[in-house]
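*Asks:* Taken in sequence, the protein lines are chains U and B. First residue of the first sequence? That's 0 in numbering that gives the first Met the number 0, and the numbers climb one at a time after it. First residue of the second sequence? That's 0 in numbering that gives the first Met the number 0, and the numbers climb one at a time after it.
Take these hints with a grain of salt, some might be off.
[Unchecked claim] Quick list of simulated restraints, FRET-style, between CB atoms: (1) U:Asp285 <-> B:Glu69: 50 to 60 angstroms; (2) U:Asp285 <-> B:Asp57: 39 to 49 angstroms; (3) B:Met0 <-> U:Arg55: 35 to 45 angstroms; (4) B:Pro79 <-> U:Ala344: 22 to 32 angstroms; (5) B:Pro59 <-> U:Thr137: 20 to 30 angstroms; (6) B:Glu3 <-> U:Asp146: 36 to 46 angstroms.
Think of the hints as simulated: they come from the structure by calculation, not from any bench. Owing to the predicted nature of the structure, the values given are computational and were not obtained by experimental measurement. Just so it is clear, CB atoms sit at the ideal spot from N, CA and C, and this is done for glycine as well.
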Amino acid sequence: MTATTDTTTDTFDTVAAWAEDLNRDNATLDDRGEFPWEKWKTIQRSGILAVPFERRYGGEGRSLTETMRALEGLGYTSRDAGLNFSTSTQIVSVGLVLQAFGNEELTTTYLPKIISGELITAHAITEPTNGSDATGITTTARRDGDDYVLDGEKMFITNAPIADLLLLYVRTGPPGPFGLSCFLVERDTPGLRIGEPLDKMGLRTSPLGAVTLDGVRVPASRRVGQEGAGFLILDHIMKREILLSFSITLGEMTHRLERCVRQARTRTQFGQPIGAYQAVSHKIADMKIAVETARKWLYDTGAKVEAGEDASIDVAATKTVVSEANLRTALDAVQIFGGSGFLSATGVEADVRNAVGGTIYSGTNEVQRNRIASLLGLGSPAGEGVRRG
Amino acid sequence: MDLETQIRDYIVSEFLSGEDVPDLTDDFDLIENGVVDSLGLVRLISHLSKTYAIPVDDIPLLPSNFRDIEHICAFIRQSPVAASG
Ligand SMILES: Cc1cc2nc3c(=O)[nH]c(=O)nc-3n(C[C@H](O)[C@H](O)[C@H](O)COP(=O)(O)OP(=O)(O)OC[C@H]3O[C@@H](n4cnc5c(N)ncnc54)[C@H](O)[C@@H]3O)c2cc1C
Numbered sequence: 000m001t002a003t004t005d006t007t008t009d010t011f012d013t014v015a016a017w018a019e020d021l022n023r024d025n026a027t028l029d030d031r032g033e034f035p036w037e038k039w040k041t042i043q044r045s046g047i048l049a050v051p052f053e054r055r056y057g058g059e060g061r062s063l064t065e066t067m068r069a070l071e072g073l074g075y076t077s078r079d080a081g082l083n084f085s086t087s088t089q090i091v092s093v094g095l096v097l098q099a100f101g102n103e104e105l106t107t108t109y110l111p112k113i114i115s116g117e118l119i120t121a122h123a124i125t126e127p128t129n130g131s132d133a134t135g136i137t138t139t140a141r142r143d144g145d146d147y148v149l150d151g152e153k154m155f156i157t158n159a160p161i162a163d164l165l166l167l168y169v170r171t172g173p174p175g176p177f178g179l180s181c182f183l184v185e186r187d188t189p190g191l192r193i194g195e196p197l198d199k200m201g202l203r204t205s206p207l208g209a210v211t212l213d214g215v216r217v218p219a220s221r222r223v224g225q226e227g228a229g230f231l232i233l234d235h236i237m238k239r240e241i242l243l244s245f246s247i248t249l250g251e252m253t254h255r256l257e258r259c260v261r262q263a264r265t266r267t268q269f270g271q272p273i274g275a276y277q278a279v280s281h282k283i284a285d286m287k288i289a290v291e292t293a294r295k296w297l298y299d300t301g302a303k304v305e306a307g308e309d310a311s312i313d314v315a316a317t318k319t320v321v322s323e324a325n326l327r328t329a330l331d332a333v334q335i336f337g338g339s340g341f342l343s344a345t346g347v348e349a350d351v352r353n354a355v356g357g358t359i360y361s362g363t364n365e366v367q368r369n370r371i372a373s374l375l376g377l378g379s380p381a382g383e384g385v386r387r388g
Numbered sequence: 000m001d002l003e004t005q006i007r008d009y010i011v012s013e014f015l016s017g018e019d020v021p022d023l024t025d026d027f028d029l030i031e032n033g034v035v036d037s038l039g040l041v042r043l044i045s046h047l048s049k050t051y052a053i054p055v056d057d058i059p060l061l062p063s064n065f066r067d068i069e070h071i072c073a074f075i076r077q078s079p080v081a082a083s084g
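So here's chain U without its partners, still in its complex pose:
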């Protein structure tokens, strides 16, 4: 049972009623770097995990842009950026891929439990030796009768330490666009090992870890899409991953802007609110420009993708614009809050640590720029391909 069933309402408020639960003990959990299991139950109850999925699986049947709105609302309401990030990973990593490419058996078995949040999911593209260069993936799946046998190692996998299901991008053919395939694997499959959560600078409540595959045998029915379709699936899903996870960022930036405006109006120095000083007010004006620029890029690109238009450049540009705006405005917020901005308890410094990740995951900003240049016909620099994760 999900909380939002009326398809005419604005999805922005999907989690609004759960603000208190979602914001409990943020600083402590961030400090400990623990996944907030109690809050996950709240995420499940809120119905946000169901928004983009078809009704026959228990979803809400909402569009891509409506789902972006729901996640923007999550980012606005919840100050637990790690939990927010794990939530978008849950929606994107396996669920949306299965809905678009999965066979009947996989979709009916897993989608209802992914949508309810009962099964937690992750997707594994990155390897210790292949990050930006996703087409160089070396983890292999070898056909053996009716099965495939998987060997290799994955790295930096969001949700892996808590995941029940993993979508693995592995090599089934020679280098090139059709050399990769996707497999859906359950956590307790013999030969699959998931490492301990890795300590990190930001998004600390979103567990991230390594995955080792040592002779992991899966039936061919666990392959998602045709053999060789891995790169095309990755390109499809990365567009959605960027739009959805950076919609959360937009909500977080909007909240930050409102906090800074309040602070600049109420904090007084030299007999005046600090917002009376142009050095402060212009920072906030720039923040407003950054927030609205991010919004325009996100929803304009979302509408294009939804309409089935080509949006490859737009998605790369959106990722770059929003992640950089997030980092810049997070730093400005610390400055506006002064000494208290530097204190963990204020919750402003965590935004800086969280924002750094956004310039790296889902394809680094350097790789996004390569991609735009390449799509403009400017040579074919290395790292121009799809990137992700």
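Use these hints to put chain B with the ligand onto chain U, whose structure you have.
*Replies:* Structure of chain B with the ligand alone, referenced to chain U:
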């Protein structure tokens, strides 16, 4: 101009710097021969979507559709929009 020639011309101009090669027959494997790489594939899909008015989401993302000119033309012809247009 027939569809095969249109696709051929596009591949020559986009991926072979305008230099036609006799090898480029309708069943010439564009992927195995390194003519179309990963980003090339993204560009090709985007071109087909725009030129033949096929929504990107309606393009079946099957490797078998993109291997050579013959298969590319076959799926364009099967697309309801392109077929009616
Ligand atoms: C918070 C977080 C969550 C993540 N979650 C996942 C996940 O769920 N699943 C998953 O598979 N992966 C995940 N990743 C991994 C992420 O996708 C990779 O870290 C990223 O793609 C970069 O790869 P790399 O770390 O190996 O860096 P490298 O590729 O080694 O790059 C190092 C530096 O070199 C630059 N560089 C590399 N090639 C070029 C080039 N051609 N031109 C210019 N500059 C270049 C990069 O931009 C970067 O600055 C996550 C990462 C983070 C930080």
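*Asks:* All hints, please: hold or fail.
*Replies:* Going through the hints against the structure:
1. U:Asp285 <-> B:Glu69: 50 to 60 angstroms: holds, 54 angstroms
2. U:Asp285 <-> B:Asp57: 39 to 49 angstroms: Roughly 41 angstroms apart at Cβ, these two residues keep to the hinted range, so it holds.
3. B:Met0 <-> U:Arg55: 35 to 45 angstroms: holds, 44 angstroms
4. B:Pro79 <-> U:Ala344: 22 to 32 angstroms: Given range 22 to 32 angstroms: violated, Cβ gap about 59 angstroms.
5. B:Pro59 <-> U:Thr137: 20 to 30 angstroms: holds, 28 angstroms
6. B:Glu3 <-> U:Asp146: 36 to 46 angstroms: holds, 40 angstroms
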